[in-house]
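Novice: Residue numbers (our numbering), protein chains in the order written: chain C, 1 to 469; chain P, 1 to 469.
Some clues are possibly wrong.
Treat identical chains as interchangeable: a pair holds within one or across any two.
As the list claims (entries may be wrong) - Think about it this way: if two alpha-carbon atoms lie no more than 27 Å apart in a straight line, the pair counts; the simulated DSSO-like pairs of lysine-lysine are:
#, residue 1, residue 2
1, Lys225, Lys375
2, Lys437, Lys375
3, Lys186, Lys437
4, Lys375, Lys186
5, Lys213, Lys251
6, Lys186, Lys93
7, Lys213, Lys225
8, Lys251, Lys225
9, Lys91, Lys213
Just so you know, these hints were derived from the structure itself, not from any lab.
There are 2 protein chains.
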Amino acid sequence: MNALFTQQLTVLNAGLQSFADNITRAGGDAVALSWQPPAGGDREGGRVLASLLNHPQIEAANEQAMAQYLAAQPMLVDVMRAGEAIPALDKHKRILHAGPPIAWNDMCGPVQGAILGAILYEQWADTLEQAQALIEQGEVSFEPCHHYDAVAPMAGIISRSMPLWVVENTENSQRVFSNFNEGLGKVLRFGANGDGVIEHLQWMGTELAEAMKAMLAESGPIELKPIMAQALHMGDEVHNRNIAATGLLMKQLLPALLSTALPVEQIQRAIRFITANDHFFLNLSMAACKSMLKAAEGVPGSTMVTVMARNGVNFGIRLSGTGDTWFQAPANPVDGLFFPGYGVDDAAADLGDSAITETAGVGGFAMASSPAIVKFVGGTPADATQNSRSMQRVTIGSNPAFTLPALNFAPTAAGIDARKVLDSSVLPIINTGIAHKQAGVGQIGAGITTAPMSCFVDALSALARQISR
Amino acid sequence: MNALFTQQLTVLNAGLQSFADNITRAGGDAVALSWQPPAGGDREGGRVLASLLNHPQIEAANEQAMAQYLAAQPMLVDVMRAGEAIPALDKHKRILHAGPPIAWNDMCGPVQGAILGAILYEQWADTLEQAQALIEQGEVSFEPCHHYDAVAPMAGIISRSMPLWVVENTENSQRVFSNFNEGLGKVLRFGANGDGVIEHLQWMGTELAEAMKAMLAESGPIELKPIMAQALHMGDEVHNRNIAATGLLMKQLLPALLSTALPVEQIQRAIRFITANDHFFLNLSMAACKSMLKAAEGVPGSTMVTVMARNGVNFGIRLSGTGDTWFQAPANPVDGLFFPGYGVDDAAADLGDSAITETAGVGGFAMASSPAIVKFVGGTPADATQNSRSMQRVTIGSNPAFTLPALNFAPTAAGIDARKVLDSSVLPIINTGIAHKQAGVGQIGAGITTAPMSCFVDALSALARQISR
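Sequences are here, hints too, so could you generate the full structure?
Specialist: What follows is the structure in structure tokens.
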């Protein structure tokens, strides 16, 4: 102890910067570590975390969940009517939505608008007023897409007559689903429900669905991970930017589409729609990500995050080890770029199942692949690269199937470990579109947001109760 | 002078590193500048350069040439038979080739093989032996593509029955031409001339040409710079990597192709060919670059480089101020990656008109946009970025139409100033494919090479003789 007072000290300061400043001012030598208490200083979070770190059962469970995620081989195999793919939709007047469960009265404007539109589309009512009355009479029930292994962007509405992409993991034969991307402009996923929107959905549910199904019958199953991997080398992060992936998909499928026996006018209309929609691949990227993460679900003790999703009010997550339970918190605000004439006061809260892409290691986690996306979500290419780097701090490992040229082909950070989120106080980053809070106005911007810390604290608390030390 | 011996010196050393090392060893303080004598130490080059630096006529001429290059708006307007677009090809048995002029006996294997194939394709002879005899009798003449405002990759063969893309600069109505890309495998541009190659050329010259012409009649003119600009944000450098640009072109043109009155089988075959050929856009990128540079030709006194091209033996350049005169030197070796089983001893010398892309500020100059290309040409993404940065040292300015995400959307270096090449001793960088030196083996690798210094010295010497100081 005496030595402390007789020799020159070099101080490593973990905590407030001002402690280090004082030492430096007094002529001492101090290095201030960039350190924060776990879980952003949350006491319960810190306690739970301490009980779960270096835990043999959890390490083994995460290794298993991660291996199952990495081994997944999602293939696009078919197109089915939603009621056929998910029989519960044919049994009841039931509509699926994005994010964790939420009651009608609590839903945000775009989700309510989209549900009313889906009721018109299903011809359960002739007017918006009748549709609203039907809901108020309790005739229509609502449930998250994720409850049926489905994912859908923004409002995330799936009703029985809509066509779904069917994606099968050939490793375990599990099937997952996503709806078709409607394109931009007035669309149901942003809460629009006018005549044009419903007519467009009708065309998608009949002619387009028929063309896509016939095309896949001709082509056979399509591997989705190689398309995503190649798109990551072409400036996409396959969440908010899908222009390259859409092109690669169509390059692969066009010969099959042209080989179907369908009338050439029907093929023309399908191709016109797809070539005009740079987000066409998004829903397939989401389904592929859901497929990879479904493979990792239900491993007892695993702290790996298998779902992140938003319903326009709350952000919800699920862990592999806690199964179907949702852990929710109010969604964080979105830091983004707004289209001219709009601002943060116009924005709905963070919305959609599309954060499944970040959960699977792409999207915001792979922003280094997509420097051009900063023109859309804000920031600089250096920020994008830094985001990809920092996500390595919260993941179990990385995914060698998805590499980032700007990081010298390093694999993307993947397999979010809820413990590491608490330990580092680094929140998972999500690239997201921003919807107007009123139904039907549509997209008003895009930006970057984060998953709220308390979801992860609550999820780990629940897991800790299941686990023995 | 006495002060030199009485005070502490800090030495700035321009020249040999060992001078600085000696000072440092003696306890002095020396910074070694990374400096080289102009023109790599060439005495004649240094003398010529001194006479041309800060020369009012040259500065004004370069400003004009650069402005004309920047203002060019190349549009894809039509497809024509080569003999129709370039009447000299119908008048004589004349075949165009890549690079500067060269006599039959001096040509490399792939160019000779490709010329023999073109003679079979034109049915001027029935066998390779007859074709060879025809050439030895002096019945066939050869000329560079550039002499007719045309460009073509590798061997660069254009004969009268081949289809050409017609690209028009809407700023000045000048037209330039390029041939169609044949795809990979056994192809004429690498010197292959077997039956399959000739049959494929026949299909391209009839059915494919008809489909492309009908498609353009339906679509109207297509702006090429926006496609190139977008592809630069999608991992292409539009020389050795054209996968994104090919997709963007087809996305734009597919609806028109499907709207033609052509039989669906013909459309199917065209689409199958194009979707299987990631280099399909290369020839259009080259034509667009030729169009931009043709706009800059013939400005008296301008030291701007308007052509860089290789014939498999020599590298040739042209300056705006020296018009049609070629300045040639033996091509530099290519530093690259070889396909398995091949090495540098198998390689033909640097070949093709495709260095027109670097001359226009893309290709090797835009490598920062294409980190994934290092998997093809060698090096690391950091090298690719550094190459784009270093090209700023040899150009008059940059092209705001073409921006590089990895350099925070900086515009590409463009408008090579031959004086700056001498002054900096930095040679223009070229991404290039490597052909086997024997006709018909095909591509055996890809890599990076540079333009030889003596071309630039000779071109400036010629310009100096025209100019008064």
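Novice: Evaluate each hint against the coordinates.
Specialist: Evaluated hints:
Proximity of Lys225 to Lys375 under the C-alpha cut-off of 27 Å is found in both arrangements, the shortest distances being 26 Å within a copy and 19 Å between copies. For a Cα distance limit of 27 Å, the shortest separation of Lys437 from Lys375 inside one copy, 23 Å, qualifies, whereas the shortest one across copies, 45 Å, does not. Taking the shortest Cα distances, Lys186 and Lys437 sit within 27 Å of each other inside one copy (14 Å), while across copies they are farther apart (58 Å). For the homomeric pair Lys375 and Lys186, the shortest alpha-carbon distance inside one copy (23 Å) is at most 27 Å, but the shortest distance between copies (42 Å) is not.
Taking the shortest alpha-carbon separations for Lys213 and Lys251, both the intra-copy value of 17 Å and the inter-copy value of 21 Å come in at or below 27 Å. With identical chains, the CA atoms of Lys186 and Lys93 are at most 27 Å apart within one copy only, with a shortest distance of 25 Å there and 60 Å across copies. For the identical chains of this complex, Lys213 and Lys225 are intra-copy neighbours only, at 20 Å inside a copy versus 36 Å across copies, given an alpha-carbon limit of 27 Å. For the identical chains of this complex, Lys251 and Lys225 are neighbours both inside a copy (15 Å) and across copies (22 Å), given an alpha-carbon limit of 27 Å.
Within a single copy, Lys91 and Lys213 get their C-alpha atoms as close as 24 Å, which meets the 27 Å cut-off; across copies the closest is 54 Å, which misses it.
Hint check: no violations occur; every hint is consistent with the structure.
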